[in-house]
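Q: The primary structure of each chain is shown beneath.
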Amino acid sequence: MTWNKLPKLTFWRAVLIVILAAGFYSTVLRFVKGLGAATALTDRFPWGLWIGFDVLCGVGLAAGGFTLAAIVYVFHLERFRPILRPSILTAFLGYALVAVALLYDLGRPYRIWHPLVMWNPRSVMFEVAWCVMLYLTVLALEFSPVVFERFRLERPLRIIKMFTIPLVIAGVLLSTLHQSSLGSLFLIVPSKLHPYWYSPLLPVFFFISAVGVGIAMVVFESHLSARAFGREIEVPLLEVLGRAMAVVLGIYGLLRFQDLWSRGALTYLREPSTETVLFCLEIALGLLIPLPLLFVRRLREGPDGLFAISVLVISGFLLNRLNVSITGLEYSAHAHYFPKWTEVAVTLSIVGVGFLLFALAIRYLGVFESEAPQPAS
Amino acid sequence: MLKFSAFRVLPEGVAENFIRDIVSSASAIGDAQSMSKAILVDTTKCIGCGACVAACKVVNGLPLGTVDGQKDPVPTTLSDNDLVTFAQSHGEPGGVLSAEALNVVETRGAVFVRRFCMHCLDPTCVSVCPVGALRKTAAGPVIYDADKCMGCRYCMMACPFGVPRYEWHVVLTPKIRKCTMCAPRQAKGLQPACTTVCPVQAGIFGEREELLAEAESRLKQNPASYAQHIYGKEEVGGTSVLYLSAVPFEQLGLPANVPHDPLPMYTYRVLSEIPRLVPLGSVLLGGIWWITNRRKEVREAEREAGKGK
Numbered sequence: 038m039t040w041n042k043l044p045k046l047t048f049w050r051a052v053l054i055v056i057l058a059a060g061f062y063s064t065v066l067r068f069v070k071g072l073g074a075a076t077a078l079t080d081r082f083p084w085g086l087w088i089g090f091d092v093l094c095g096v097g098l099a100a101g102g103f104t105l106a107a108i109v110y111v112f113h114l115e116r117f118r119p120i121l122r123p124s125i126l127t128a129f130l131g132y133a134l135v136a137v138a139l140l141y142d143l144g145r146p147y148r149i150w151h152p153l154v155m156w157n158p159r160s161v162m163f164e165v166a167w168c169v170m171l172y173l174t175v176l177a178l179e180f181s182p183v184v185f186e187r188f189r190l191e192r193p194l195r196i197i198k199m200f201t202i203p204l205v206i207a208g209v210l211l212s213t214l215h216q217s218s219l220g221s222l223f224l225i226v227p228s229k230l231h232p233y234w235y236s237p238l239l240p241v242f243f244f245i246s247a248v249g250v251g252i253a254m255v256v257f258e259s260h261l262s263a264r265a266f267g268r269e270i271e272v273p274l275l276e277v278l279g280r281a282m283a284v285v286l287g288i289y290g291l292l293r294f295q296d297l298w299s300r301g302a303l304t305y306l307r308e309p310s311t312e313t314v315l316f317c318l319e320i321a322l323g324l325l326i327p328l329p330l331l332f333v334r335r336l337r338e339g340p341d342g343l344f345a346i347s348v349l350v351i352s353g354f355l356l357n358r359l360n361v362s363i364t365g366l367e368y369s370a371h372a373h374y375f376p377k378w379t380e381v382a383v384t385l386s387i388v389g390v391g392f393l394l395f396a397l398a399i400r401y402l403g404v405f406e407s408e409a410p411q412p413a414s
Numbered sequence: 250m251l252k253f254s255a256f257r258v259l260p261e262g263v264a265e266n267f268i269r270d271i272v273s274s275a276s277a278i279g280d281a282q283s284m285s286k287a288i289l290v291d292t293t294k295c296i297g298c299g300a301c302v303a304a305c306k307v308v309n310g311l312p313l314g315t316v317d318g319q320k321d322p323v324p325t326t327l328s329d330n331d332l333v334t335f336a337q338s339h340g341e342p343g344g345v346l347s348a349e350a351l352n353v354v355e356t357r358g359a360v361f362v363r364r365f366c367m368h369c370l371d372p373t374c375v376s377v378c379p380v381g382a383l384r385k386t387a388a389g390p391v392i393y394d395a396d397k398c399m400g401c402r403y404c405m406m407a408c409p410f411g412v413p414r415y416e417w418h419v420v421l422t423p424k425i426r427k428c429t430m431c432a433p434r435q436a437k438g439l440q441p442a443c444t445t446v447c448p449v450q451a452g453i454f455g456e457r458e459e460l461l462a463e464a465e466s467r468l469k470q471n472p473a474s475y476a477q478h479i480y481g482k483e484e485v486g487g488t489s490v491l492y493l494s495a496v497p498f499e500q501l502g503l504p505a506n507v508p509h510d511p512l513p514m515y516t517y518r519v520l521s522e523i524p525r526l527v528p529l530g531s532v533l534l535g536g537i538w539w540i541t542n543r544r545k546e547v548r549e550a551e552r553e554a555g556k557g558k
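Same order as they appear, the protein sequences are chains A and B. Using the working numbering, the first residue of the first sequence is number 38, and each one after it goes up by one. Using the working numbering, the first residue of the second sequence is number 250, and each one after it goes up by one.
None of these hints come from the bench; they were simulated from the model. The structure displayed is predicted, hence computed values, not measured ones. One or more hints might be untrue.
To be verified - Pair by pair, the computed Cβ-Cβ distance ranges are: (1) A372/A x K294/B: 23 to 33 Å; (2) P203/A x R357/B: 52 to 62 Å; (3) A345/A x R548/B: 35 to 45 Å; (4) N542/B x P273/A: 21 to 31 Å; (5) W539/B x T304/A: 20 to 30 Å; (6) G555/B x L46/A: 50 to 60 Å.
Glycine included, each C-beta is placed from N, C-alpha and C at the ideal position.
Please model the entire structure based on the sequences and the hints provided.
A: Here it is as structure tokens:
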């Protein structure tokens, strides 16, 4: 505990301040002048960065929470417990920030509660809205023991521990449903989404890639927190995660190529187009480069090697979500979309706030359970 | 009947009936469709005068374009006769669909083509709206309830014809805007404004079945003047706006690659699995937990027993 009363102005803190200042200006612009002034969105391109990145990528990157909760509680792989809490914290922050991003993107944010009382069960968006609301609640409950421990609230702690297993199972189910449903959102545009990305299997791809990126995010976070907080990296744990990542990526790759092949979408590779470039980049970053590397034992077992591989998988994942929600739709919309700087500023601010809250929680709450009083088994 | 043949893609099951009950309103529309109103647009007749555009703006209270460099004030109440006179003298050809122009006349080569909401029989926008702000009425029009809308714009994303528009510069209460097939006028027993004022009957209003028969007979009587296809008869399961053309419809900007099934089926097939998936998943996960937990308990008991010796 050696931190000064006045935080020092380091490089990253300065960057954060600049981002938050830009984000503040953009926020004012958004809520005073409207979506038209603050975004590059148009009638031809009604969804942009805030949906493509903040929502689709945000939810995906938070997938480490349910993946690890299932590993520890349902499969009883107790040795993963030390990295469970940081993953649940990331997931909770991720989902909370997705909700914040939605408040920016919705034309009438004050009606975000409407799906609670106005139902349309035929709408994928309706299902996503319910799942995200419920899962955010589940995550808050899953994380609540950390807060109860911190403030020594014994009774609520005992009550919540009784419900751990049903909560975790509900969380895994809700995640499975809405991770895949984010893909189903785009099933409705068969004539608009480029054949590289439109597939009846979209919900399956979204789910499997979310599990894959969930694992990659656990590696990523463990590495960063280890560096930032001077903790030791759980190398043997990460090695197992590396192997799991290889399996998930392998299944994803097989299905994806089988699907591309059977739909004849690979013939578009002969056309030099923006879509082709971005498709190849996505597949290379997220699949073709990291997958073989995961089979190199030296890389998989070294913390830096595995970290680098995870960064690749995460970039490939981000590119995939942006391709499905933005790039893949440009050709049919006959329009080009590039976000305004104010959109980017809001997105970066949301990410920045996420990092900030994560660091604060680590500092003031017993997130790393090994520091908490009672050990697991 | 289209709906039910599509439902048969799925095996009969409890889950399916459950969902079908919830969405039964949509199936009821399916039965009423044969008796619903529609518009037939014959692009070979359109002279591009833009009277329909002006009439549309008048009845929807939208700002009229400039005529002779002057912005005309929008007349608020006009008798139908006055509407015809006014619209024909204030024609506005050209333009693009926007929150301030719900019906436009585009020039495609030598052809004029009106673009406005297609009023699909099983509308994509209605199925995707999470709060049910859009609705297909039995009378034909697809209408919008701004009081429900939260502005997610999924309808704009999903519409295969790219029709819904947004009030991007309205800060607090932005709305989706699109043609309503003059549902308020229809409720009063009037035709839509656009077909009322058309000087050459390029757009006509009537029962969908009658208009389809009329279109068929035009194709038969003048086979040389038409591409032998009625656009909207089968596209996305059928629409309440039908088009005839001399040139391929793609040249008019009407998408040729839309499927002939209603698009809501594409997501419905997946959504209808959910009531089945949830209990199955709970049992599966609960079962795995029980087994692994039991194994852990046995292991611990064995360790205890080992210590005891």
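Q: Honestly, which of those hints from before does the structure not fit?
A: 5
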